[in-house]
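Peer 1: Using this note's numbering, you'd call the opening residue of the sequence shown number 1 and step up by one each time.
Worth flagging that the hints you see were computed from the coordinates, not collected in a lab.
Quick reminder that beta carbons are idealized off the backbone N, C-alpha and C, glycines included.
Heads up, some of the hints might be wrong.
Stated by the list, open to error - Here are the simulated DSS-like cross-link-like pairs (lysine-lysine), alpha carbons at most 30 Å apart as the crow flies: (1) LYS21 x LYS83; (2) LYS81 x LYS5; (3) LYS81 x LYS13; (4) LYS2 x LYS13; (5) LYS21 x LYS5; (6) LYS81 x LYS21; (7) LYS2 x LYS21.
Unchecked claim - Here are the computed distance ranges between Cβ atoms for each label pair: (8) GLY102 x PRO75: 29 to 35 Å; (9) ARG146 x SER180: 32 to 38 Å; (10) GLN10 x ALA117: 42 to 48 Å; (11) ARG40 x LEU9: 19 to 25 Å; (12) GLN163 x GLY102: 22 to 28 Å; (13) HIS28 x GLY115: 30 to 36 Å; (14) ALA164 x MET1: 20 to 26 Å; (15) PRO111 x MET1: 21 to 27 Å; (16) PRO97 x GLU3: 27 to 33 Å; (17) ASP183 x PRO75: 40 to 46 Å; (18) GLY24 x SER180: 19 to 25 Å; (19) PRO32 x GLY116: 32 to 38 Å; (20) PRO97 x GLU182: 20 to 26 Å.
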Amino acid sequence: MKELKERILQEGKNLGNGILKVDGFINHQVDPALMDACGREFERRFRDVGATKVLTAEISGIAPAVMTALHMGLPVVYARKTKPITMPDQVFLTLSPSHTKGRTVELIVSPEYLGGAERVLIIDDFLASGATILGLARLANTAGARLVGIGALVEKSFEGGRQALAHLGVPIESLACIVSMEDDCIRFTE
1 MKELKERILQ EGKNLGNGIL KVDGFINHQV DPALMDACGR EFERRFRDVG ATKVLTAEIS
61 GIAPAVMTAL HMGLPVVYAR KTKPITMPDQ VFLTLSPSHT KGRTVELIVS PEYLGGAERV
121 LIIDDFLASG ATILGLARLA NTAGARLVGI GALVEKSFEG GRQALAHLGV PIESLACIVS
181 MEDDCIRFTE
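My request is simple: use the sequences and hints to build the entire structure.
Peer 2: Pasting the structure below:
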């Protein structure tokens, strides 16, 4: 997606070790017009998968997931990283390593909002190693839901996430695919 790639090149910062800082428009301060355009593009790409719910991880996946769900007319469920007291005692929980946090995080979903009849579309901000998305897929599987697609704003193909997710057998779409972040340069696929 041209608009997203341009913003990454203009405002993104390559921090080294595969870390791309996009805090000014995706991860900390969110550009709603850009997220709307991304949500519209995800809707176009996934309109025929028959999703009934969009699933993402707290917090950076929420903006693209909400805009995708808005354009698809679906609800969004986001996996929490800490269990609030309002959540029931019995929850779906998995662990996932976080590259940017440098530790393992919990992903928690209430069974009230993710059930066996759901057809789940996962939308997240990044597809890097695939660990977070695999965690979300495990949550959907534990709930008995069917995974129907995976979308990421930014894919770092050099980290192998797409290959790690291939066994899931669903369409995987990214709006900006980075093939290299070497020598302070960000290079995309065509």
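Peer 1: List, from low to high, the hint numbers that the structure doesn't satisfy.
Peer 2: Structure breaks hint 15 only.
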